[in-house]
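Enquirer: Starting from the known structure of chain Z, fit chain E onto it as the hints suggest.
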Amino acid sequence: MTTEQSRTRSAGRPRGGQSRDGAAEAASSRGPRRPPRARVLRSTQWAAWGFLAPVVVYLGLFYAYPLYRNVDLSIRSYTVTSFVSGNAPFTGFANYRSIFASSTFAPALLNTAIFVFVSIGFQFAIGLALAVFFHRNFRLSGLLRALFLVPWLLPLLVSASTWSWMLNSDSGIVNAFLQALGLSQINWLTSPTWSLTAVLIANIWIGIPFNLVIMYSGLQSIPGDVFEAAAIDGASGWQRFWRITFPLLRPVSAITLLLGFVYTLKVFDIIWIMTKGGPATSSTTLAIWSYQLSFGSLLPDFSSAAAVGNVLIIIAVIFALVYVRARHRLEAT
Amino acid sequence: MTVHASRKARAVCAALLTFGTVAAAAVGCSSSGSSAAASSSASGGGTYTFWDPYPQYNNTSDWAKLIESCGTKAGVTVKRTGFDTTALTTQALLAAQQGKAPDILLVDNPVVSTLAKAGALTTTATNGLATGSVAQNILGAGVIDGSTYGVPIGANTLALYYNPKILAQAHVDPASITDWASLTAALAKVKAIGKTGITFSGINTEEGSFQFLPWFWGAGANLTNLDSSQAVAALTLWTTWLKDGYAPNSVIQDTQTTAWQEFQTGNVAFAENGTWQKAGAAAMGAKVIEIPAENGGAAPVPTGGEFFTIPVQKDTSRYATSVKIVSCLSATSNIVKTDNTLNYIAPTKAGQQAQLSGDSSLSDWVSAVGVAKARTGDNLGTKYPVISQQMWTAVQKAESGAATPAAALAAAQSAATAALNK
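Line by line, the protein sequences are chains Z and E.
Count the first sequence with our numbering and you get residues 8 to 340, in order.
Count the second sequence with our numbering and you get residues 4 to 425, in order.
Excised from the complex, chain Z in its bound form (with noise of 0.2 Å):
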């Protein structure tokens, strides 16, 4: 027997075992041996295997077989028919193909580009500045915080359908307003120049919350000395804000605007209550074409639709990797 071993032994060895009972131990010590290391360590590693099994499942099943299913369904031919013979013929990139021939690709990942990043700039502008206004505590600022919360508490459903009304051409309140202005009807949701306006006006409303919320809590955790420090030696407000909350907050306005970034990609509700895409594809993204391919006509079309939602897939993915590699490099620095 080695040292290993026996040491093993007395570590497995109950704490005050001895006292309580010499002859057991001297039994112990007698009968069947104890398991070698590599058997301990092999159980460590069912164990291990067994902790992380749940989670493997979970994510196969919920993740990637869902994954793996569009990504198949993608480049199969899967009409109604396979739906009930299962039998879908393999057509390698033809869908991709043909969505990217589309009169209808062009306009959606245009109006996929400036939906994303135009609501994503003034959600971000906007809540970081009502963050750095909140951040100075005033009376009844906890109030009108929680008002600024509202968008966020309401079903997408009940904000999508009130904008919808207020923006209606020949009713909508702020037709109403503009023309009481001396200015003439805009056809918000009607007119190919201006629905896209229309849903993005919607739908920066309904992100300013998220976005406020996360740039106060991380306004926050600044220390107040910090500033304390900086106006002791003088800098104004401006500078305060672009040398010191501005740099200290970039973790945090990273994650937001990522986090930002893939909600708003695949933002649906909003406008199909607003639009459904039309008027023809002026307000159509990459989404709302997706959802049309597969569930908007009588005719399923699945395989394209399944192509669609792989390319929104793969340009999610990409900004997630540029997050990461500029979140490395900030830390590298």
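Think of the hints as simulated: they come from the structure by calculation, not from any bench.
All C-beta atoms, glycine included, are put in the ideal place defined by N, C-alpha and C.
All clues given are correct.
Now the in silico label distances, taken between C-beta atoms and shown as ranges: (1) S64/E with Y65/Z: 36 to 46 Å; (2) T260/E with A153/Z: 32 to 42 Å; (3) S64/E with L147/Z: 48 to 58 Å; (4) R146/Z with Q59/E: 50 to 60 Å; (5) K246/E with G93/Z: 48 to 58 Å; (6) K168/E with S168/Z: 25 to 35 Å; (7) K246/E with G149/Z: 46 to 56 Å.
The calculated EDC-like cross-link candidates involving lysine to aspartate or glutamate, where the alpha carbons are at most 20 Å apart (straight line), are: (8) K198/E with D177/Z; (9) K82/E with D318/E; (10) K194/E with D177/Z; (11) K82/E with E71/E; (12) K120/E with D148/E; (13) K425/E with D79/Z; (14) K194/E with D247/E; (15) K194/E with D176/E; (16) K290/E with D362/E; (17) K246/E with D177/Z; (18) K386/E with D230/E; (19) K376/E with E297/E.
Expert: Just chain E now, with coordinates in the frame of chain Z:
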């Protein structure tokens, strides 16, 4: 055993148990699924399943009671489930995929061709359902490549409701509206007295196509040729109405329900809407005329309404009982009662006569249904949804001014051709 070892063993057991539960749940799901399928397809079972798109009717409704009594007559119990109409197509496809299709499926008529193409439905030649007395134009939606896949429960269609008070103020005689020119002239007179001319649903969904079809067909256009000069004429009519302010801009987004709500405000002279608004129209004193064709006469209108279908079962001996239940439900006395409740027109001459003898105001609707056409007819079948999607896109483009009617329809035709040849 040591404390450490026993703790590890417990942990492993717990983890494996968790894993086992997940796996067992997964297996349990699939095994319970297959046993349900087995029981539903077991022959001679006393329970037959029936799916319909009328979730508004609960088990105490006349509709549910009628189904129950037809089941009893056929010697079985019928288990009815009402789905939302859009959910029903997906439900039917999923059920067919898993071999758990209902015995009888009542489904919206344009969906029949989709389900038939999927191989989910039996033909009347296979299941033995009689179609003899059903009007051919209404039956058309259930005929694909020469085979019939069901019988209609009834039909609804579109017509032109008008507000007599507004027409009187504008000095328009509804009888003078016989073609597009006289209708447009009437709209101009209505606008002159400060009222809105007409509302319809020009939305970018199937509803938009459904509403556009009377004008499209009324110009003599054909769905296989979306960019014909007749089609351009029809779309130009709609866009001119919008441009000239005869129709409100909101029609681009209006569903048939919201368009109807605008008409109900009492400020709109005409509304293109369906049979189902009959009761609401009577309440507000609105009357109805047939939609005029471009050069006079009634325009062909699309048929709406559901079809009784018998989905494919593993146990084909079940079809005979399903046919008995459907035949009972579509027997003249029963179908007239049902169609009156649903605001539908009966699909048979006998049924229509019975409805007319009870309510003579239905005569306009009976004649409208008489000239109605199935959207999936002309042997279009599953080509229709592809064409329809391009058609409503073109309508949207032209209405919103994104393209001229001719350019929008030309783009629609090439997109439809590309999609059909894919």
